[in-house]
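Colleague: All chains, please: the whole structure from these sequences, using the hints.
Just so we're aligned, residue 2 is where the sequence shown starts under my numbering, counting upward by one.
A couple of the hints might just be wrong.
Claimed, not checked - The calculated lysine-lysine pairs, modelled on DSBU-like cross-linking and capped at a C-alpha distance of 35 Å, are:
| hint | residue 1 | residue 2 |
| --- | --- | --- |
| 1 | 247 | 199 |
| 2 | 234 | 247 |
| 3 | 76 | 126 |
| 4 | 126 | 234 |
| 5 | 126 | 247 |
| 6 | 69 | 199 |
| 7 | 199 | 76 |
| 8 | 69 | 234 |
As the list claims (entries may be wrong) - Okay, the calculated beta carbon distance ranges per label pair:
| hint | residue 1 | residue 2 | range |
| --- | --- | --- | --- |
| 9 | 69 | 132 | 23 to 33 Å |
| 10 | 83 | 204 | 20 to 30 Å |
| 11 | 113 | 253 | 14 to 24 Å |
Quick caveat, the hints were computed from the structure, so don't treat them as lab data. From the three backbone atoms N, C-alpha and C, an ideal C-beta is built for every residue, glycine too.
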Amino acid sequence: MEHFSLELLGLLFLAAFVAGTFDAIAGGGGLITLPALLLAGLPPAAALGTSKLQSTFGSVTATRAFAKRGLIDWKTAWPIALAAGLAGLVGALCASLLSPKVLAALVPVLLIVIAVYFGLSKALKAEDGPARLALPVFAGFVAPLIGFYDGIFGPGAGAFYMVAIVTLLGYGVLKATAHTKLANAASNVGALALFILKGAVIWPVGLAMAAGAFLGAQLGSRLAVRFGARLIKPLLVTISCAMAIKLLADPNNPLRQAVANLF
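Modeller: In structure tokens:
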């Protein structure tokens with residue numbers, strides 16, 4: 002505890018509060034918390050584990066807030082959450098075995114595609130539409146795929162859950178956001194379990210940030226319920242683009258290096 006001043010913990014609390022607010026609405030809180038933890042001097046593995054602790058608090062809090070408003074259909078949601086949680090754990094187990102270079106090159110492209118899709122389409126509606134995929138198929142293949150990605154790499158998982166739930170299950174904007182938070186919470190819990198077992202969580206920092214994420218998620222979920230697609234859609238587009246830019250800004254990103262080699 003002596004290594005972290007109250008001033009530093011306070012700044013990290015504020016970072017987590019802002020991240021939790023954005024996460025509850027459209028995801029992307031890791032854009033704020035992970036760089037903040039690295040700037041605070043945490044090694045990368047500890048920064049990832051500690052960030053996962055606070056994001057788990059935020060996503061669970063947002064899920065609870067949406068559930069209290071009756072926006073989660075638990076009959077549909079529990080198999081998705083279970084599959085995402087188990088896959089998140091498996092993804093975290095595999096993180097040290099699989100090179101992240103392919104994902105680092107592919108994910109920015111996918112995020113830009115998602116931003117364009119939501120920016121130009123009318124997919125985000127208040128009302129539910131027809132489902133394009135049966136629930137057992139979604140829970141058995143789509144949710145585990147995204148949950149595994151969340152455990153092994155992470156950035157943009159919320160956007161991937163959102164686009165899958167909207168396009169494949171046909172959910173309206175608020176219901177889709179609520180179920181996205183539940184799936185995200187489940188894969189976060191699965192991955193966090195492994196980070197804790199590996200001792201990669203700095204608890205004083207993580208708990209201070211968890212308090213911020215808790216309060217931010219309360220605010221974000223209320224804003225999402227109040228403003229609906231008018232807030233969720235532009236934030237989803239903006240945050241997806243911001244995550245893509247952040248990943249591409251890394252000089253070691255394989256896609257950036259490939260483009261640089263062409264010129």
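Colleague: Against the earlier hints, flag every one the structure doesn't satisfy and list their numbers going up.
Modeller: none
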